[in-house]
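Visitor: Given chain A, put chain B in place with the hints provided.
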Amino acid sequence: MKEVIAQIKDLSKSFPTGEGEFWALKSISLEFNRGEFSGFVGPSGSGKTTLLNILGSLDTPTKGEVEVLGNKIHQLNQSDAAQLRSKHIGFIFQTYNLLPVYNVYENVEFPLLLIKMDAAKRKKMVKDAIAWVGLTDKIKSRPNQLSGGQCQRVAIARAMVKKPELVLADEPTANLDTENSFNILDTMLKLNKELNTTFIFSTHDPKVIEYLKRIIRLIDGEVASDDLASGS
Amino acid sequence: MILRLAVKNILHNGWRSLINIVVVSIVLIVMVWTQAMYYSWIRLAEIQQTDWEYGKGLLRVKTYDPYDPLTFDESYAPIPQELQNAIDQEEIAPILMAPATIYPQGRMLSAVIKGIPQQQSVLVFPSGKLSAQQKDIVPVLIGKAMAKSSRLSQGDIFTIRVRDINGAYNAIDAIVEEVLPIPAPTADIGTIWVNLDLLQEIREAPNTASYFVLGSSKYQNFESSDFRFIDKDEYFADLYQMLENERFQQVLMYALLVFLAMIAIFDTQALAVFKRRKEIGTLAALGFTKAKIVLLFTLEGTIYTVCAILATPILGFPLFYYFATSGFPILEGYDEFGLPGFTEPIKFLYPIDEILMVFFVILIFTVFVSWLPTRKIAKMNPVDALRGKVN
Chain A
12 MKEVIAQIKD
22 LSKSFPTGEG
32 EFWALKSISL
42 EFNRGEFSGF
52 VGPSGSGKTT
62 LLNILGSLDT
72 PTKGEVEVLG
82 NKIHQLNQSD
92 AAQLRSKHIG
102 FIFQTYNLLP
112 VYNVYENVEF
122 PLLLIKMDAA
132 KRKKMVKDAI
142 AWVGLTDKIK
152 SRPNQLSGGQ
162 CQRVAIARAM
172 VKKPELVLAD
182 EPTANLDTEN
192 SFNILDTMLK
202 LNKELNTTFI
212 FSTHDPKVIE
222 YLKRIIRLID
232 GEVASDDLAS
242 GS
Chain B
6 MILRLAVKNI
16 LHNGWRSLIN
26 IVVVSIVLIV
36 MVWTQAMYYS
46 WIRLAEIQQT
56 DWEYGKGLLR
66 VKTYDPYDPL
76 TFDESYAPIP
86 QELQNAIDQE
96 EIAPILMAPA
106 TIYPQGRMLS
116 AVIKGIPQQQ
126 SVLVFPSGKL
136 SAQQKDIVPV
146 LIGKAMAKSS
156 RLSQGDIFTI
166 RVRDINGAYN
176 AIDAIVEEVL
186 PIPAPTADIG
196 TIWVNLDLLQ
206 EIREAPNTAS
216 YFVLGSSKYQ
226 NFESSDFRFI
236 DKDEYFADLY
246 QMLENERFQQ
256 VLMYALLVFL
266 AMIAIFDTQA
276 LAVFKRRKEI
286 GTLAALGFTK
296 AKIVLLFTLE
306 GTIYTVCAIL
316 ATPILGFPLF
326 YYFATSGFPI
336 LEGYDEFGLP
346 GFTEPIKFLY
356 PIDEILMVFF
366 VILIFTVFVS
376 WLPTRKIAKM
386 NPVDALRGKV
396 N
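Protein chains in written order, with my numbering: chain A, 12 to 243; chain B, 6 to 396.
Rough simulated footprint, nothing fancy, chain B against chain A, three-plus residues with beta-carbon under 8 Å: (1) 64-72; (2) 84-93; (3) 97-103; (4) 122-134.
Label-pair distances were calculated between CB atoms; the ranges are: (5) B/392 / A/130: 31 to 39 Å; (6) A/20 / B/6: 30 to 38 Å; (7) A/147 / B/329: 50 to 58 Å; (8) B/249 / A/130: 52 to 60 Å; (9) B/276 / A/147: 31 to 39 Å; (10) A/188 / B/276: 28 to 36 Å.
Keep in mind that the hints were calculated from the coordinates and are not lab data. Built from N, CA and C at the ideal position, the CB exists for glycine as well.
This is chain B alone, in the form it adopts within the complex:
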């Protein structure tokens, strides 16, 4: 009975109800869109980093500290005998890295040179193009960001200076075999990829690696004095931290949007309590308790949000569909910022559980905001209400 009366009152309100529903729905659309953007960005970044660098986990040399370039020179260790079979089976890809200086067109730039086996199937990296046979001019692969920052392009020849483990500098000539669209920034920015065997030779560190990319999770528990397993949380720590930082802005924006939507509902409710005093008195005379009247008004406010939630997929469909199919466009230069997931349009995925949580939170807020103005009803004398008096 209360629900029916509430629904009828909302229908009776006509365009005022419609405006409330549309306002709340627009807020929900923006929130769903934002939620989907962050979610899709992270998922895309995870997928790209996994495909191009992380695989099913990393076994990384303990001396390596990604935040301390001075450790790069010492970041290698002999490949454990126990892993050799897995490497031969292409279940594990050993990567050797070393600090280097490159001289494209006479300019001097710092870089990290990474060696990857020509035969590997753990990463999507096209390492087959890195031959160990051409020692006079070594073929290298670079990513688009590296090509842009070093102004190198396919076929360019430049000099790389690398120090071997004994401290002697070796200079080699290299040719850019191909510029790859590497979506993982850590595998692109400042990185030059060469054949692993060649790099081991240049470094005079045969059979060594800086880390292993695992193609199977069965090696995650591999015990070694030189290498340790880097789990997903540690590997993606920077990304997740970045997301956390973004989360604050997201919450701030949500709060602002929710505030605006709630003002619309609060205003309608406060006006309704004021305008419908006589109805409140009548309901009391007919036998409604004050609690029931409060429930009626609160329900009316809540129904706005329920309708808005139902309207959100309909009103937001064109927007949601566009971003799911065409993706969020990457602005010019964003791919050089080193942000994972920002190298191609982000096609939106809609995390149902997170979106339902957003709806639920909004619903709770609405119940509260709808209830707030009805506190006046509890203090209202039915006789005054019947006369249309304001307490």
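Just chain A, with the same shape it has in the complex:
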């Protein structure tokens, strides 16, 4: 039986501009089930990242409702939103956003420190997560000693280490070459299958689109299409 973990109802989002308001998202309604490997696809400015940010409780809707893992995003205060992110949501960014002062181990460990996991369990989970992404030999390297692909794999390990129910990936392959992009996508797909983690992407990279099992096309802040990929 399918379990809905995120629900968007009639969501609109506007931003103030010099001339009034810009509506980045217009009356969007969507549902996401546990274990989905889906993505928002569309050109720049179509509202993909805005939608991802709202799902990740980093932003709030102007109109409509968004419910993620039973939490109504528009009703969450700062602290509850932070707690939702720290416990249940993993983020993967286009520019990796690793903490430059931490090495691979410490970057991956960070989300577990936030949820105050005990040291022994933490150590095992961090090592497992680093092993998933194949960076065990780079455990003590700092981000500036890693390639872009390796950095993004660290970011994936950081997002996955706490085994979140939802991972939001914003253009995760935009700064990677083809080989690295496929490596990353294979890793994420493997984790999606093994851990039944829901992945939602924001992308316009054909390589990513090739991997998605559900493709939601956004144009000018509206859902133009919502299709299951062939073979899904």
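Guide: Okay, now just chain B, sitting in the frame of chain A:
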């Protein structure tokens, strides 16, 4: 976790962190040095005045007003019978004073002549050198400042004119027995020391005194119609007042130094908030609340000062050690200014409680100054921060 991240960020900042720590540390060194100088000066002055003039307290004749020279002539009273035994036991030293005019090499100078018993052990004053036997030429002791201002030196003979209590003037010849390095200005400047018995005789006021220097605190509560006890606060009132006046300049200097140090920290913090917007967004995405991010940045600023406090004894050691052992040199002529404690190099003592208070105050300032630029974080939208946008 926040502390570890803060420490790592500071280490990552490298030389910029080092400069901040050194700047704050230099400020702290100057503050500790200044604090120690004032403290040591006052302590030295207290010790010197106590050894040479105050003892364990003064019982002073009520008619005496140190700020009114016209009262000097009347500043004497009979020695109370109850104190005689203590005087004989050398637990109390009676001092008689009188206004006088001296004529060194024909010049005329005003002075105060003080009589001290030849046998006394209350003060470190070498009164044993003041004989009462030589009445033709009376031996006197003077301090270096008095010698300099009157141009008298050891062996010089000069005339002293003193009025007795009946109003008649007596002229006596005196010889400078010795010029003493008296560190207490009030026992030196304008003062000539003679044997008490002789002065009583000259003044025709036998068995009288102007004040008693107590060698034991048990006489502090002595009741008398002629004498009253002068406590430490009253005796050192001028010194403490001088310190208070200096305190204003000290606070002004501290404020300036702290301001400079705080500017360095504020600047670093403001720059960090600007440069690390993306990191702020990332931390928010990972589940840091804004309060935690503010705490992280504030902690980083505060750690600079904590490191500076730890570095201060190390960086300042050569300076602190030099002044503790060699002392603060007294400039030529300072000993004539009448400033107590300025007659010999001031060897620094470091008042731990006062220094800790300085550190604590600086720490509080740092927390505030480190926090100020982070207010921007509270207003920052995490999405804008992730994009590196400035609000």
